[in-house]
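Trainee: Same order as they appear, the protein sequences are chains A and B. Counting from 1, one number per residue, gives the positions in the first sequence under the numbering used here. Counting from 1, one number per residue, gives the positions in the second sequence under the numbering used here.
Read the hints as simulated data drawn from the structure, not as lab findings. Don't take each hint at face value.
[What the hints assert, rightly or not] In silico lysine-lysine, DSSO-like type, Cα no more than 27 Å apart, as pairs:
{"hint": "1", "chain 1": "B", "residue 1": "K200", "chain 2": "B", "residue 2": "K230"}
{"hint": "2", "chain 1": "A", "residue 1": "K40", "chain 2": "B", "residue 2": "K230"}
{"hint": "3", "chain 1": "B", "residue 1": "K200", "chain 2": "A", "residue 2": "K40"}
{"hint": "4", "chain 1": "A", "residue 1": "K20", "chain 2": "A", "residue 2": "K40"}
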Amino acid sequence: MSSTNYDYLDGNAAAGELSKVFAVDITTAEGRCGECGTTKCLAEAHLYMHGPGLVARCPACEHVLLRLVNVREHMFLDVRGMTYLRLDTSRSEEAS
Amino acid sequence: MWRVGTVVALHDETPTARTITLQVADWPRHVAGQHADVRLTASDGYSAVRSYSIASAPNAEGRVELTVERLPDGEVSPYLTQELAVGDRVELRGPIGGWFVWRSQQTEPIQLIAGGSGIVPLMAMIRSRASAGSAVPFRLLYSVREPGAVFYRDELQAISSRGGSVTLTYAYTRATPKDWPRPPGRIDASLIAETTWSSKLIPTCYVCGPTSFVESTAALLVTCGNRPDKIRTERFGPTGGRNEFH
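Based on the provided sequences and hints, a complete structural model is requested.
Mentor: Now the structure itself:
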């Protein structure tokens, strides 16, 4: 996937959907790419929202970090593309 | 969690963009730069959700202003910009996003760069700066197609003519006012170098606009010596609309 395809948004655009799952805003969490090791906020990922769900890719290597798909009453969340997510819990009050 | 917002005012910014002021019960105080999801539900149960940046400064009154640009083939924006009336109700979720935000505790110089309707969250930052009584110097570089497409024109004019520490530069891409010193064109390295903060001051830069605009502008900022970790971006979809999720 070439970075000259401008059909993505920033990971921060996923904050609304992710707020249905997480008690804190995980777009401000730092995730480490399982492929290239780049560590950035999820808000800085390249976010693709055209399909039936959303896909966040590493801004450095385009490896898939996170997938979120809604199928009727179920939500499928796949975060295996990251080796970890580091959350700042000091601001969990305001970042709902 | 969805809350009900009641439309209390409507204001046309341009022929295709409208600011909607909503009163929302129990709305948590937002932070400048955050957005809100709007859900419209038809009588047959079909619903559509769109995300819009909040234009208003944080306040304790539950007042939320959204500025919506009408997309020609949009599903939601034509309704919001043409049909919605004072007294109507819409559902809102938010405030959302803790990354592309400016907090009044920040003390470093701030560089804002807007492409088209990307001005909306940056306007919330300018308004938040004023309402918080912050003295932090702001610069805004606002790229817009033509003079008639400028949002918040009178307010921006008033803020910049006060001679305070908010400096405003317009960059017109298609048509300029009469006797404008620069021919119409996209933001380039010379404009960045001339009108934005020196990277030596280590400003935090907020760039918002269409994805291609954000890509090229963020790259120019880095070329001019700004640190990538001091550049925060918010991209719109290729249609010029805000992020969407179906």
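Trainee: Compare the structure with the hints numbered earlier in the document and write down the numbers of the violated ones, lowest to highest.
Mentor: Those not satisfied: there are none.
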